[in-house]
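**Q** Sequence:
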Amino acid sequence: MRPALALLFLIAALFAPLRAEGDILQVRSVGDGAPTRITIWSDVEETAQAFLVDQGGGWRITLPLAGNAYSAEGTGAGGVEHWVLHGHGIDFTLDRPMAVTRVLHLPPTGRETAHRIIIDLETVSGARFKNAARRDARMLAKLAPPAMEVSEGLDVRDTLPAKTIAGWPGPKDRHVIVIDPGHGGKDPGASAIVGGVEKDITLAAAHILKGQLEADGRYKVYLTRETDTYIALDDRVSLARDWRADLFISLHADAAGSPSVAGASVYTISARGERRIDAEADKNNWKIPIEDGTPERVSGILEDLVKRETRTRSAEFAEILLPELSAAGPVLRDTHRNAGFYVLLAPDVPAVLLELGFLTNEADAKRLGSERGRKAAATAIKRGIDAYFDKQALLMAGR
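Going by the numbering used here, the sequence shown opens with residue 1, and the numbers climb by one from there.
Fair warning: there could be bad hints in the mix.
[To be verified] Calculated pairs, DSS-like style, for lysine-lysine (alpha carbon to alpha carbon, straight line, at most 30 Å):
(1) 210 to 391
(2) 220 to 186
(3) 391 to 220
(4) 283 to 220
(5) 210 to 130
Bear in mind the hints are in silico, worked out from the structure with no lab data behind them.
All chains, please: the whole structure from these sequences, using the hints.
**A** This is the structure:
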């Protein structure tokens, strides 16, 4: 028991209390079902995923947890009727069929001192819920050790070691690509001169690119947002680091005062932006992993080398990507640019911010507003990614 973690919470529909002696500190749900977000605060890292459970006319979500040794319960909102914390996880009873659209695992940051699990939900049909629950039941039954008992009223075993859950970090056998669809939710971004807004265009393009990359067995792909939700900039960078990204690509669409300005452009970190990296890394706990016991002076040198290598690889990818973009559509004359955008501040993840075109230009807006145009852009990015990793493989083979 850790007395320093003792917290008292006001009992309310959206803000439920928990006893201090466990690892879960707080549970909260907000939303209206389209979407709803559950946030769980913990003093230890949790890596489990959320699974749907069909109770024959009732709906439940179960989240296996590690290390919890006490019970608690509370009420929720936005379709979450009730939750129960038990020795091996937390179960959410729903008042309607809902699907899990995303589960995020966020580490402590400067503003958040606890680990967070974020579960995004959306209301779906009963048939869709049942289909997803059948798939989840098979997955959980396969993952659960045979000696574990099945919880009463559930189709799945409620005791699952966190390391057996799909998605637990292990040796990387594929390149990890994180695609960041710019803006989202309350932040629409730029408005197109011919219908549409930036947040929808970048999300649609991201899904096309994800599909193309996943069809290639070399890549594991994550999106920072799968739906029209708002993700804070520091969380986008934290996600890329948590997923151990080999490459981070933030997709945007630009706007200009003149409607004649058109074409794609690629940004990498500027000198001014580089000066922000250390402060943001300290604030968000973006630590570069250095072997324990390394002298402080040597650690500083190694960290500087990592940051320099990250900057170099970001610029290399941008330069490789440029000819692919120019072959697929118009580009700005000064195509490779530098800026201090927040999403480029990870100290150890090569990153670019890609402006797909100008929504204030009619031709660009029409191109990006069409499936064909977005597919052409995604194909060009995919070719650039392929060429970048092909070059990395040649460099490694020559060492």
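**Q** All hints, please: hold or fail.
**A** Hints, one by one, checked against the model:
Simply put, residue 210 and residue 391 have alpha-carbon atoms about 21 Å apart, close enough for the 30 Å limit, and the pair holds. Pair hint residue 220 plus residue 186 holds up; C-alpha atoms about 29 Å apart against a cutoff of 30 Å. At most 30 Å may separate the alpha-carbon atoms for a hinted pair to count; residue 391 and residue 220 meet this at roughly 19 Å. For the proposed pair residue 283 and residue 220, the alpha carbon gap of about 28 Å is at most 30 Å, so the pair holds.
For the given pair, residue 210 sits about 26 Å from residue 130 by alpha-carbon distance, which is consistent with the 30 Å threshold.
Consistency note: the structure conflicts with none of the earlier hints.
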